[in-house]
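These two chains come separately, so use the hints to put the complex back together.
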Amino acid sequence: MSELALHRGLAMHRINAMILRYWYLLMSSWPRLLELLYWPALQVITWGFIQLYIAENANFFARAGGTLIGAVILWDILFRGQLGFSISFLEEMWARNIGNLMMSPLKPIEFLLALMVMSLIRLAIGVIPMTLLALFLFHFNFYSLGLPLIAFFCNLIFTSWAVGIFVSGLVLRNGLGAESIVWTLMFAIMPLACIYYPVSVLPGWLQVVAWMLPPTYVFEGMRALLIEHSFRADLMLAALVINAGLLAASFGAFLALLRSAKKHGSLLSSGE
Amino acid sequence: MTENDKASSRLTVADGALSAAIEVDHLVKVYKQTRAVDDISFSLARGTITGLLGGNGAGKTTTIAMIMGLVLPTSGRVRVLGHRMPEESADVLGRMNFESPYVDMPMRLTVRQNLTIFGKLYAVKDLSGRIAQLADDLDLNEFLDRSNGKLSAGQKTRVALAKALINQPELLLLDEPTASLDPDTADWVRAHLEAYRKAHNATILLASHNMLEVERLCDRVIIMKRGRIEDDDTPDAIMARYNRDTLEEVFLDVARGRSNGAPREAVR
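So the sequence lines, in the order shown, correspond to chains A and B. So for the first sequence, this note's numbering puts the first residue at 1; every next one is plus one. So for the second sequence, this note's numbering puts the first residue at 1; every next one is plus one.
Chain B extracted, bound-state conformation (with noise of 0.2 Å):
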C-alpha cells in the first residue's frame, strides 16, 4: 500500500465535528504540461500546526490555493472542515481564514476601516470590541487611524493577521506569514500564533522557507518538492532519519537530491 494509498483509507470520517480539519486525497493540478501538484495525499487532525515546506515551484502555494478554494484540481478531493471543497465553500469560508504575499489589504483604506470591512463580510459579533481586542493582541493601536499604504512591511504583516485573525478561525492558512519581518517582530508573530492555537484550538497549516519557524513552532512537517510530499513526518523525526540537527539542513538534503547517508527507502 502506497502513502497516498494510506492517506486515502484515512479519508473515511464523516461530516462531523470529529473529521479532520483538512483531508487531500489525490491531489493532482495540472497547468498545461506542468504538473504542479502531482497527486498528494494527507490529513491534518485539528488543533495542530502543520509547516508545508518546500522550494520555490515545489507546489506549496498551489496546494494551499486549492484547499482555499482559490484554484481548482485537476482531479483528486479536498475536504476543508469536514466539506468538500469548493462545493460547500458557503459552508466553511466563514470559519477559516488566511494570508499570503499574494494579496494586499487596500491601501488607501485606515487599518480600521479595512479590519471594519472584513469584520462585516464574516458577520462578526461585536466587531468594534474584536477590532480594539486585536489591535492590543497585535499591536496595531498606535497606527489604527493611519491608510494601510502608509505603513512599512512589519506593520502591514500584523495587520494582515489581524485580518486573518478577525473570524477567530478554526483553520488558519499561512503562506510565509514572517516574511518581511525583522527578527523581533517574527518572533513575536510566532509566540501570538502559538498563543492562538492553544486558546482556539485552532488548526494552522503555514508554508515557510523559514526553518526555525517551522522547528519552533510546527507539530508536523511536509516536504515538497515537484508537486510530490517528499517527506511528511515530525520535525525530530524528519532531522533523525535525515541525521541532521537543523530541518535547513534537511531541506538543502531534499532540495539537491541528497539523503545524507540515511538509508533511501526509509525516506519517505
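So here's chain A without its partners, still in its complex pose (with noise of 0.2 Å):
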C-alpha cells in the first residue's frame, strides 16, 4: 500500500474495487447478512417495549415518547456504524489479504474510505429494517424527527469512523490479538455519551469528559427534540467540530500505527 501521497489524487477504482469485494463477500454469505439484521431487530424490539411499559407507569415517560426507543436507534447508529467499518477492515486480516492489498498501489485513505462506504451499507441493511420494526410495532417513526436526523446521523457516523480508524491501526500494529478492542472500544465511551439518561445525572467531573465526546451531544440534542420540541443546532456544530478533530487524529493514528507495523514487521506475521 503506497503513502499518503494525497498530492497524486485519490482513484475512485481502486476504492471501487474494494467496495466490490466487500460486496461479493456480503453477497455470497448469509449468516453475515443475517448478522446485520437479527441483533438490531433483537434491540428494538427489547427496548421497545421497556418504553411501553414505563410510559404506561410514569407520567414523565409518557410525554417523552419515544427517547428510549429513539436512544436505542441512533445508538446502533453508532455501534454498527464502527462495527460496519472495523468488520470489513477485519476481513481482510482474516483471510490474511491484507499483505496482497499493502503490495497493491491502494492508498490507505482510499482504503479508509471503502471500508467508510461499506459501513454506510451495512448500517443501511441493518437500521432501516429496525426503523420500520420500530414503525409497525411501537409506532415511533424514527423519520418524524426530521431533518435533524441528518445531523444527528452525520455526527454519529463520523465519530463511528474515527473509533473504526483507530481500532483498525491498533489491530494492524498488534495483530489479530488486539481484535477484542474493536469488538469493546465503543462501550467504553457509553455511560459517558448518555444515550439513556441527560448528561446532568452524572457528576461534575464527568460531565466534562462526557462533553468531549461527540454522540453526547447528539443525544442531548435527541432528548431536546422529542421532549422539548426544539432543535439544538449548537449543539450539532460543537458535535461538528468535535468530530473534525477526532477523525484526523484517527487518521494520523492510523498512519502512524501503520509505519510502525512495518518497522516491526507485523505485516508479515498478522495472525495473533
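A couple of the hints might just be wrong.
Said to hold, decoys possible - In the SDA-like style, the derived pairs of lysine to any residue whose C-alpha atoms are separated by at most 20 Å in a straight line are: (1) A:LYS263 to B:LYS156; (2) B:LYS225 to B:GLU249; (3) B:LYS125 to A:MET12; (4) B:LYS225 to B:HIS209; (5) B:LYS32 to A:GLY175; (6) B:LYS156 to B:GLU176.
To be verified - Quick look at which bits of chain B chain A covers, simulated, 3 or more residues with Cβ under 8 Å: (7) 57-65; (8) 69-77; (9) 84-94; (10) 99-106; (11) 120-126.
Unchecked claim - With the C-beta cut set under 7 Å, the calculated list includes, among others, these residues of chain B facing chain A: (12) VAL30; (13) GLN113; (14) ILE117.
Since the hints were derived computationally from the structure, they do not count as laboratory data. Predicted model, so just to flag it, every value in this text is computed and none were measured. Ideal placement from N, C-alpha and C gives every residue a C-beta, glycine not left out.
Rendered as C-alpha cells:
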C-alpha cells in the first residue's frame, strides 16, 4: 500500500474495487447478512417493550414518548457504523489478504474511504429494517425526527468512523490479538455518551469528560427534540467540530500505527 | 574494497529506464536484539531471474519484504525500478507484484471475483480479456467460478500466480512459488515463469528452498546465512567454487559451515 500521496489524488477505481470486494463477500454469505439484521431487530423489540411498559407507569416517559427507542436506534447507528467499518477491515486480516493490499497501489486513504462506504451499506441493511419494526410494532416513526436526523446521523457516523480507523490501526500494528478492542471500545464510551439519561445526572467532573464526546451532543439533542420539541443546532455544530478533530487524529494515528507495523514487521505475521 | 562497497559504488545510476530493477545498499534490519538482515548490498539487472537462497531465518523473507516496502529497514537504502522505497512506492507498486505463502486470496470469493478486484486495483486495461488470457495460460478455466477456499493447494498456487501476473509486472517477487505443488505442476509453473520473463523482459527475484528450481530458472544466485550474503554468483560458478555438482550440496555446505576443500578466500 503506497503512502498517503494525496497530492497524486484519489483513484475511484481502487475505491470501487474495494467496495466490490466487500459486496461480493456480503452477498456470498447469508450468515453475514443475517448478523446485520437480527441484533438490531432484537434491540428495538426489547427496548420498545420496555418503553411501552414505562410509558404506561410514568407520566414523564409518557410525555417523552420515543426517547428510549430513539436512543436505541441512534446508539445502533453509532455502534453498527463502527462495526460495519471494522468488520470489513477484519475480513482482510482473517483472510490474510492485508499483505496483498499493502503491496498493491491502494493508498491508505482509499482503503479507509472504501471501509466508510461499506459501513454505510452495512448500516443501511441493519438499521432501515430496525426503524420499520419500530414503526409497525411501537408506532415510533424514527423519520419523523425530520431534518435534525441528518445532523444526528452525520455526527454519529463520523464518530463511528474515527473509532473504526483508530482500532483498525491498532489491529494492523498488534495483529489479531487486538481484535477484542474492535468489539469493545465503543462500549467504553457508552456510559459517558449519556444515551439513555441526560448529562446532568453525571457528577460534575464526569460531565466535563462527557462533553468531549460528540455522541453526548447528539443524544442531548435528541432528547431536546423529543421532549422540548426544539432543535439544538449549537449542540450539533459543537459535535461536528469535535468530530473533525477526532477524524483527523484517528487518521494520523492510523498512519503512525501503519508505519510502526512496517517497522516491527507486523504485516508479515498478521495472526495473534 | 569490500563486496558491500563494490555493490554500493554501482548504485550511481540515475532514475530512468537504464537503472537496475532492484538496488539494495547496505541494508540492515534489526528486530530488538536480532539482526535479521545484516548489511547486505546487491543490484539486480533488468530481465534477469535471481534466486535468493538460505535456510530458515537466513533473512530472505525480511529482505524481500523490505524490497516490497512491507518492512522498513533499520538502515540502508532500497531502490526499485529506479525509485526509492518506501518513499516513492506510489510510483512503482503498480509496476511490480508478488506471491508469498504469507498471504492468501479471500476464500469466499471466486477466482474470477478475486482477479477482477486485483485487476481493478492495478488499473488493468481490458480486464476481462486479461483474466481470460491468464485463465488459459495458467489453466484456471475449470475452476474460474469456484470459491478460492474450495481449491486444492496446487490450484490456489496457480491462482496466486495469476494474481501476481494480473498487471503484467516488470518486477516479480516470489517467495517459495512452487511450495506445495506436485512435481508436474511445479515444473509447469517454472516453465510459465521462464516464458513470462522472456516475453516481457521481466525481472524475477525468487526465494526458494528448491535447489533444482533455482538451478533451472536462475541466472544468478544469492546465498544468505544469518542475515548476511554468503555468496553471490551464477549457479555454475558457485557450484564450481564449492567443487560440487548441485546447488543442494552447496546449500548444505553453506548451512553446515563447510567449504568442501575450496579455498575459503575464494568463497566470497
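Which numbered conditions among the earlier hints are violated in the structure presented, ordered from lowest to highest? The structure conflicts with hints 1, 12, although it agrees with all the remaining ones.
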